[in-house]
Amino acid sequence: MPNPLRTGFGSLASVDPLRLFKLPLPMQAEGVRLLFEMGQTSEQVRQRLGLSVQQVRALVTDESVFSRGGEAIAEADEAW
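Position 50, counted from 1, in the sequence shown is what our numbering calls 50; the numbers after and before it change by one each time, with no gaps.
Please keep in mind that the hints were generated in silico from the structure rather than gathered at the bench. Only a predicted model underlies this, so the values are computations on that prediction, with no experimental measurement involved. Treat each hint with caution, since some may be false.
As the list claims (entries may be wrong) - SDA-like cross-link-like pairs, simulated, lysine to any residue; straight-line CA separation at most 25 Å:
#, residue 1, residue 2
1, Lys22, Met38
2, Lys22, Ser64
3, Lys22, Arg57
4, Lys22, Glu63
5, Lys22, Gly39
6, Lys22, Val53
Stated by the list, open to error - Derived Cβ-Cβ restraints for the label pairs, each shown as a range:
#, residue 1, residue 2, range
7, Leu23, Arg57, 17 to 23 Å
8, Thr41, Ser14, 17 to 23 Å
9, Glu43, Val65, 17 to 23 Å
10, Val65, Lys22, 15 to 21 Å
11, Ser42, Glu63, 25 to 31 Å
12, Ala13, Glu43, 14 to 20 Å
13, Asp16, Val60, 14 to 20 Å
14, Pro24, Gly50, 15 to 21 Å
15, Gly39, Asp16, 27 to 33 Å
16, Phe36, Val65, 27 to 33 Å
For each residue, glycine too, the CB sits at the ideal point set by N, CA and C.
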């Protein structure tokens, strides 16, 4: 029998608010988007993460890209 908490993207429990909010902002936004891709409603995402509607919207609309230290240097070198 399939596990209703598990989807093709992973499990809902893998997006843990205690760990999620220790990550950089772009990764937090990706975690919120992942919950929506798993079929969660806005209310379910809000409750799971303990956020307001405005906070969820802000994270979903965040378009910043996460890069690890040194990646920007490597990308600049490749542009030459």
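Against the structure, the hints come out as follows:
1. In summary, the hint linking Lys22 to Met38 is supported, as the alpha carbons are separated by about 22 Å, within the 25 Å threshold.
2. Distance check on the hinted pair: Lys22 and Ser64 sit about 17 Å apart at the alpha-carbon level, within 25 Å; holds.
3. The hinted pair formed by Lys22 and Arg57 meets the criterion: a straight-line CA distance of about 19 Å does not exceed 25 Å.
4. This hinted pair checks out: Lys22 and Glu63 have alpha carbons roughly 18 Å apart, not beyond 25 Å.
5. Among the hinted pairs, Lys22 with Gly39 is consistent with the structure: their alpha-carbon atoms are about 24 Å apart, no more than 25 Å.
6. The suggested pairing of Lys22 with Val53 holds, with an alpha-carbon distance near 20 Å, which does not exceed 25 Å.
7. Checking the proposed 17 to 23 Å range against Leu23 and Arg57 shows it holds: the Cβ atoms sit about 19 Å from each other.
8. For the hinted restraint 17 to 23 Å between Thr41 and Ser14, the CB-CB distance of approximately 18 Å keeps it satisfied.
9. Range check, Glu43 to Val65: about 28 Å between beta-carbon atoms, so the 17 to 23 Å window is missed.
10. Checked against the hint of 15 to 21 Å, the pair Val65 and Lys22 passes, with Cβ atoms roughly 19 Å apart.
11. Remark: the range hint 25 to 31 Å for Ser42 to Glu63 is contradicted by a beta-carbon distance near 19 Å.
12. Distance hint for Ala13 and Glu43: a CB-CB separation of about 18 Å, consistent with the stated range 14 to 20 Å.
13. In this structure the hint that Asp16 and Val60 lie 14 to 20 Å apart at CB holds, the actual value being about 18 Å.
14. Evaluation of the 15 to 21 Å hint for Pro24 and Gly50 yields a pass: the beta carbon distance comes to about 19 Å.
15. At roughly 18 Å, the beta carbons of Gly39 and Asp16 sit outside the given window of 27 to 33 Å.
16. At roughly 19 Å, the beta carbons of Phe36 and Val65 sit outside the given window of 27 to 33 Å.
When the structure is compared with the earlier hints, violations turn up for hints 9, 11, 15 and 16 and for no others.
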